[in-house]
Amino acid sequence: MLRLITIKLLQAAPVILVVSILAFLLMSLLPGDPAVVIAGDQASPEAIAAVRHSLGLDRPFLERLGIWLLRLAQGEFGSSLMLNQSVLSAMGERLPVTLSLAGLSLAITLPVGILIGSIAAYYRQTWVDSLVMTVALVGVSIPGFWIAILAVILFSVVLGWFPSSGYVPFAQDPVLWLRSLVLPASMLSLFQIGFLARMTRSAMLDVLSQDFIRTARSKGLSEWVTVGKHGFRNALVLVITAMGILVSTALGGSVVIEQVFALPGVGRLVVQGIMARDYPLVQGVMLIYGFAFVAINLAVDVLYTLADPRVRYD
Amino acid sequence: MTELALAVPAAPAALAPRRRFRLMRRLVGHRSFQIGLVLLVLLTFAAILAPLTGIDPSSMKVRLRFRPPSQAFPFGTDGFGRDVLTRVLYGARVSLWIGFVVALLSGVIGALIGVLAAQFRSLDALLMRIMDGLMSFPAILLALGITAALGPRMESVIIALTVAYLPAGARLVRASALVVRELDYVLAARIAGASPLRIMLRHILPNSVSPLLVHMTFVFAYSILAEAALSFLGVGVQPPTASWGNIIAEGRDYATEAWWVMLFPGLAISLAALGLNLLGDGLRDVLDPRLKGPG
Amino acid sequence: MAAPLVSLDDVTVQFRTDRGWTTAVDGISFDIAERDCVGVVGESGSGKSVTALSLLRLHARGTSRFPRGQVRFGGQDLLTAPERDLRRIRGRDIAMVFQDPMSSLNPVLTVCDQISETLRLHQGLDRATARRRAIELLDLVRIPDAARRVDDYPHRLSGGMRQRVMIAIAIACRPRLLIADEPTTALDVTIQAQILELLRELRTELGMAVMLISHDLGVIAEFADRVIVMYAGRVVEDAPVDALFRSPRHPYTEGLMASMPALEGGITRLYAIPGRIPDPDEAIAGCRFGPRCRHAEAICRVAVPELLAIEGRHRVRCAPRTRATGGL
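Respectively, the protein sequence lines represent chains G, S and H.
Per the working numbering, the first sequence starts with residue 1, numbered consecutively.
Per the working numbering, the second sequence starts with residue 1, numbered consecutively.
Per the working numbering, the third sequence starts with residue 1, numbered consecutively.
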């Protein structure tokens, strides 16, 4: 186990380096002189020079890359220009919102997606399958932010069931916290449920056609045990590999959903940063998301190994 | 978006003409494929024939602001008195074009990277770590960062989405290429002295085409959705050029009063993505039955 | 004669295909007595496995149907019995060993899980007892170091070992009938003999009837008391093993025997039956073996022959061969 994690960590190291370099390169995509772009068109030459110097833009490319990596190694993720705050502390303030949103969304997605995907596979080529798969297909085909706006109109404006925007911290009032997140999280889940249901269905179809399912039936096991135990345990292995994608799309989707519901999360921070040309902030957030995703993939790999006895690193 | 790469497909033998004909027949008879194709053809025609409405998509008539759908304006008018139907039709040109180009570019470049990685082991580790790194960012965030840096223009959106969706294609092609290169007839070709380039072009690429084509169809759908999201966030195609995404973004502020402005472009996006997903499902079922991962 | 353990009567199985329903097994009738050992032989596609699966109704659900016939067991028709009743029979009264031990065991469950599952279901054993029983069963199927092997996952076992585990699962509840569907086909030749030997011993030890399915006449000759030869979804010959090998009556059976390599006599040219087995929905007038038969006569292309007894328990489906006796 420990050995497995060590191996995985060693494999992740180069990816972390690549993520760092990519985030750095993003800055050099800026057309023209980044210092001018950042300082603004009306800035005085002195102000531009100051920005240039403070960002180290007056040094050669490779030296800047070296400095960037060195500072990252020391846990220095840069500071936001618009907030006068380090990226880490700015993110720290907003992360609970995004994690609540993405977490709640995954809590809805996982049971629903797996359940309906399995049901569709079990009743393949019947009206149940068609119905579930049509719903799933619609889920992955409608733009999340669009359906979210429509949902706000219906559930908040017309029916008044949920607040149309804003966030209440969990520590302040758990009930209001849930109320403020139910609608955004559900909207975020639509795509995810569709995606997971389609994934689960095909994994289950694959598993249910295997010989060992027939063996299970030949033992006299009920359909519930055959599908729920023998089938699902195998399909789970495939579904686990989808976890990384689910987390990634949940975080990505939250950027848009936070904007619709005016939730003060990391996604909204990024968008505000882009509007304010606060590139160090955008860069820092992307970097942290990139690192987080490498860590999530690592966890998924370990989970996968635990779920499938055939995969062993010894 | 990586799930296609997860399922290593069995490489089908290069298509013989007769088999190709049979595939075509099964494809044409496939229900999902039929519906998807019809939707896509209709939307493409709508995009091409947009000028037939005879209305300038940007002509503003303040007198005609916020007209609800009627015979004169089937989709109503927006806050500037522009005809929403015309804007949705012109928006189709932009949105479908972006989706198509992104699917094509990310597929072709991805295939190139994938084959290079599979063929030249020395490049493999480097190329794949770069792909892993790109995949570590949520696709929409990566695209957001790139468009923000390049400036909000159509070209930026295309570049950003291509970069975001390229790694999945590269991994897919690499995986199927790795399977194909170990097949007996490819080994035989290598022993017979065929050059790596020839093996790549004659054997490995043709065998990766089916899964790649399926993947590209799904990328087409994702790109339309992603373009809309980027436009909504303000970094996509900029007004007054209409794209489905920015019509929704503009309509959002008065969604409660003039719901039609944002309703119809959203429906258009949904139909386009639905059509492409159906098309992809059909292609996958027929071309590569083993590749059952969803889109 | 005592009532048979299982009795197949006109069993017909159809599958759904793109072009409608295809008949894979067409009017199969035979009995299996207690402690009987019946061998079913035929080429792939002859319907042997489909017949075997119909004893437990294990065909893919929704895409198969039984338009005619019965499988009588314990006063019930297994083709129409409610699923609940079938589940009580599966694994307890009738158990099955499948062809490919690599894919027939669940890769993510331990051997212990997979054996004790049956015991706990049908005999209501608790976890610890079931585990002890599982180890005993592994001993019984001659798996060395059973107490340790019981916690292994299938992928850690060799093909032969896995088939032994499959057999252990099948005999766990001492079934009255064991169906073995090509149990040795996927294994190495040396392992094949060991598995057959094991099955033979278990059969006497546990006093169960066995239905052994194989495409290999040699395996059948060594193992069965009675042989049923199938061709294109039908029984073409049904005889005690000695009678069949002494004097095969159906031209197809003759062909099968001629294509068996003889151990003595050195290198001889092997005989091959010309042509191939027809597709289930291929239209053939008269005898389905007719087009490949060296002895075919005019009558063979006109009338579908009946399965008729020619002497004692020897039945043949061949018009010319049964004409002399007109059946008994």
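No lab work stands behind these hints, which were simulated from the structure alone.
Hints should not be assumed to be uniformly reliable.
Stated by the list, open to error - Not the full set, but computed from the structure, chain H residues with beta-carbon under 10 Å of chain G:
# : residue
1 : D10
2 : R92
3 : H155
Claimed, not checked - Beyond 12 Å from chain G on every Cβ pair, some chain S residues (computed):
# : residue
4 : R26
5 : R202
6 : F232
7 : A273
Everything numeric in this text was worked out from a predicted model, so none of it was measured.
For glycine and all other residues, C-beta sits at the position ideal for the given N, C-alpha and C.
| field | 12 Å cut-off, C-beta based - S/R26 kept clear of every residue in chain G | value | Non-interface label on S/R26 holds, nearest chain G Cβ at 17 Å vs cutoff 12 Å.
| field | Non-interface label on S/A273, tested against every C-beta of chain G at 12 Å | value | violated (4 Å)
| query | Non-interface claim for S/F232: all C-beta distances to chain G beyond 12 Å? | reply | violated (5 Å)
| field | Interface hint for H/D10, Cβ within 10 Å of any Cβ on chain G | value | With a minimum Cβ separation of about 24 Å from chain G (threshold 10 Å), the hint on H/D10 is violated.
| Would the stated hint for H/H155 survive a check requiring a Cβ distance to chain G of less than 10 Å? | holds (5 Å)
| Separation of S/R202 from chain G, once the least beta-carbon distance is taken, above 12 Å | Label holds. Min Cβ-Cβ 31 Å, cutoff 12 Å.
| said: Next item in the hint list is H/R92. Is there a CB on chain G closer than 10 Å to its CB? | reply: holds (6 Å)
Of the hints listed earlier, those the structure fails to meet are numbers 1, 6 and 7, in rising order.
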